[in-house]
Amino acid sequence: MSIDIDKCNGCGACMVACAVENNIPPAPEAANDRKGITWIRVYKVDNHRAYPERRTAFVPVLCQQCGHDTPCAHVCPQQAVDVDPATGIVGQMPERCLGCRYCMVACPYHARYFNWWDPKWPAGMEKTLNPDVAPRMRGVVEKCNFCHGRWHAAQQKAAAAGKREIDAADYVPACVEACPTGALRFGDLNDASTEVAHDAQRPESFRLLEKLGTEPKIHYRSQRDWVREIASAPRPEGKDGLRG
Amino acid sequence: MGFVDKEFIARGLRRSSTGRFLLWILPWVALLVFGLYSAGLCLVKGLNQTNMDNRFAFGHWIFLDLAVIALGAGAFFTGFLLYILKIDELRAVINSAVVIGLVCYSGAMAVLAVDVGQPLRAWFTFWYPNVHSMLTEVTFCISCYLTVLLIEYLPIVLRNRKLRDVPSFLVFEHELHKLVYVLAGVGTFLSFFHQGSLGGLYGVLRGRPFAFREGLAVWPSTFFLFILSAAAVGPSFILLTTWMVEKLSRKRLVRPAVFGRLARVSGLLLAVYVLAKAVDTLVWINRTSPETGFQAWQYYSWKPFGTWILFAEIVLFGLLPALVMLTPRLRAHTGWLVTAAAMACCGVALNRFVMTVQTLALPTLSFDPYLSYFPSWQEIGTFLAVVAYGVLVYSFSFRYFNLFPEERELRLEAAAQEEEPALAGRY
Amino acid sequence: MTTTRRNLFKFVGGGAAGALLTPAPWRLITDAALWSENWPGIPRPARGEIRARFTHCTLCPAGCAVRARCVNGQPVSLAGVKPHPIGHGALCPWGIAGHHLPYHPARVRQGPVKEAVAAVARAIAQRGAGERVAVLDLRPGRTVSWTYRRAMAAIENGLYLTPGQPAYSIDLAAAKTVVSFGAPLLDGWGTPGNVFAARDHFRLIQIEPVETRTAALADMWLPIRPGTESVLAAALAGETTIAEAARVTGVEEEAVGAVQEAAQSGSAVVLAADPGSPLMSLNAKFGALGRTVVARRESPLPDAWKKAAPVAEMAAAPDGAIRVLLIDESLPGGYVPWSTIEPKLAANAIVVVFSSTSEGYARHAQYVLPAPVYPEAAEDIGPAIDTVAEVFRIAAPLVAPVVPVVKPGEFVAQMAGLPQGDPLRERADAIHKTGRGALLSYADGKSTPAKEVTADDFWKTLNQSGCWMDETGKKAAPSGLGRSVTRLTSHDELPLAVVVAEFNRGGLASPLMSKLERESNLRMAANRVVLSPADARANGIESGGRCLLETACGRMNVVATIDAGVPSGVVEVAGGPRMADLCGASRRARVVRA
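Chains as they are written, first to last, in this note's numbering: chain A, 899 to 1142; chain B, 4 to 430; chain C, 4 to 597.
Note that these hints are calculated values from the structure, not bench results.
Where chain C lies over chain A, by a calculated footprint (3+ residues, C-beta under 8 angstroms):
#1 909 to 915
#2 919 to 930
#3 937 to 946
#4 952 to 966
#5 1016 to 1027
Some chain A residues judged to face chain B by a derived CB distance under 10 angstroms, without partners named:
#6 C970
#7 P1006
#8 L1106
#9 S1130
Note that the structure is a prediction, hence the values are computed from the model and not measured.
The beta-carbon is built from N, C-alpha and C at its ideal position, and this holds for glycine as well.
With the hints as constraints, model all of the structure from the sequences given.
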């Protein structure tokens, strides 16, 4: 996936679309930003200056689908995480998850979320659940899987038409489909003709925490120097927590 | 009531009256009930009862599990020293060590059962094991070792005065005793691996440069450091608990030489550990961490985790108690000895704290905040249940089983000395 | 033969070993695992036939085209219609989860309908001379707005009121420079898809006191002192010197000069946070009228409707004259602060509000009648502020109303004795009769001239999967740029200037918005304020601390966040009806610890 930070306006359409597609329940009363479930989460980052030199940008963070030494797959004691060799997608099996949360400790991108509560929808709203995705019960970990259900549907469609390869237009994750600014792009990184592959090669392109060696598949880009600096390790000045 | 009770107490040993014993266990039972209620809340309502969250996925319980397992290492290590290395003085404390080990491990397992989101799926690790995961290794070895401890505990139970009257128990216990060397060996082997894997849990975390270490093949340095520190602190904890039990029961339970032996072993291992840890820390600061893009000094610029914590862990609660325990003059003084043992235990607990809690508090992404966490009362209550459980099991074991073989001899010696006329030497 | 203990042990042991070789224990193990995955209380999504249905989103005037994925007719997810010439397939976060609204737990579910009907009829019959019956239409420009106007023309002393509807549209595609005085262009203005499709073709200069989302992505952000926009506008118009403007506004002279140059380079447009603001008159100075600011065009009407009441503004109504006020708050739209409305009401006035939320006028009305929510009711969407062509878009209902609702248009029509009918159909027929424009079908993306379809097919496509557009008309200069309803009063004794940093339309939003407000810190919840560190320190306020936001009109419990990106002397708030009522005609406040 490629994400143009210079286009992202932090609207949050991707976050809501993801929750709709993947049957993620709305937050219970006691939930806050540390206990909620947001498979994709848009962070507000800034250049650490005060007004009026303050500049802000929005960075959507989702599972980076690490391609090398995938930290979570490596540490799960039950093999509830598997890396699909065909697509590189890191899949999570909530049905096998013990809820030990070791994978959450291992993930440097904080892209994994635990069901601290049982899911609860307001009366009647459970009619709006997506039949292609199973709701999870409490006590298991979940995360973005690039809308795996949509990939399966694309594969089935291709198979029904007698084709081996899926049509790229048939497989678009919910967040990419929902983004109104076009900041999110999705495609086959191995296919040099795709936009995503081009984006990954741009000079202003970067990945988060590259030195950790996880080979993430999300390529961010920005023309702004200070934005590109967020890719590396945290700055040591104390910060009071997030805005809002 | 007292009549029934006395029959279970070993001959030659004096224990408080049933009434006083009940008075002692009552508050602990109350604490246990409260703790079980807290744990019950977590099981029934879910883990939202705790203050853990997506960033502090591990919290109070994991830190205490690790600390308690390190302290309970005295069980395997004392067995190793006694049965494999043949240090006979330690026969005086081996039973107590086994009970402590049993209590620590079973308590840790109980807390783990509450800590996981789906306790009913605990068997999945055995059914779908992941050979790459340190946690699989930990699960297997701790389960096996708990079984070993239970088997080692059985003879202590079966040697109870009343139970010995049952012939089949007596025979069974006798047969079991033949296995003691095997059990000690297996126990050492298993403990080696799980103590190490507990360290490996953090050392392999490529995504957490604060915890990540290089090492030997698949084993990061924390694997070996955890084994060393557990072996070092085990004897110290035995020393500490034995001293506490002596003070509480107002009895002499072991000869002073035993304390000295425990302290020497502990001090030596602690010194080796401090050296290894210092080397490892230097490598981490200068090579491992910078290669991941994180400068080590950054970790210590977030209050309250300044460099004082590193100093406290390695020097104040590491080197200092090691030196005290290795110095014969200081070792001979009970005050210094016990303080040093306690400090050693604190040092290892601090190390476990740093690896669990500090690792999670520190940000990885540059736009992460630095986070703080404090356990909820349900978490604290659950842990207190384990403490209460431990005290109760130990109290019962101390009362009805012969935990300290030297106790009877020491009591007889003391009685003999009292009977000696006051004229027996005054110079 | 006697059965010994050994035999028993052998049997049991053998049986156990044998059982392990059967599927039984393994099945039991798997079943136990399945059982632990599917506890009762976890809902199972319904399965069924999956179909796409089309409608338009009514949550704001943009009226983006929506493709709904429906299971057995029930919408389970919404997406935009990709090749759409206006919407370009984009939906905003509220639109994406709009199908949740019928089930919102805070929805108004019932109301005293019969009593309201009786009370209104009584009041109309018994009112005194000169006492008015008024309808306040918060989303003017719809077909139902014409129903209200016709109804108010049919009733004696009927008054049709709106919050103020600008008579112009903005042609963003024609703009090369956009000078925005706080208009949330990139987050909640106009039609999102249209704005982002045009974004690469214009330079955006955002002038506002705080760095909003729009300012963060603008090509240039001018951090201006709150309340000094008119001075900067005067400098841009050449009525005052750049140096003077720089002094008053705090913006650097260079920046002011750069804006002036950009605006005068042609194809510029000036926008303001309030569409009726006097700042809009700058457009005349920069030659934007007829080019980037054009006359708003409404789609054709049946001739019979032309005899309707004129559009009036609340401020124009005489004080104490309104005896019956009906407020259509069924769709999120503008909001007139209650302090502006109250003086216009007669002593024994009856206020009926049609709403689905209890947060807005329901707090002030005697009769709150449950209105349908999106996507329950058939509606049409009037033109948005950036709709240049003539459009007619029907939002077809996707679900039947979940609670017993009252359709405001039918209520008012019945009250005024208008003949029964289907206004949407009447209007569609009138449009079809003109023979102009084209019918755009979403299912296949084809565009057919309207005169090539029958009236029935025209109506069918409009209801099932399309819209009508006529882009052929020439762009005309607007007749007026509108006038603001509320005139701001100053309350300088209150130390902080209130700046709305989070755009909030009011009305119900899907419970999933908790993802943006509570489960992350992306958007400010309605009860959040943000202060600079200096102001927080001065009032002893800590981050996350509970406070009181006090204005000349009242106070509100809020939670404070501290951010060095906020200038001192400013408190950032989230918009919405409560905030509008709290601020009233003033934009000043104080924040104290609660």
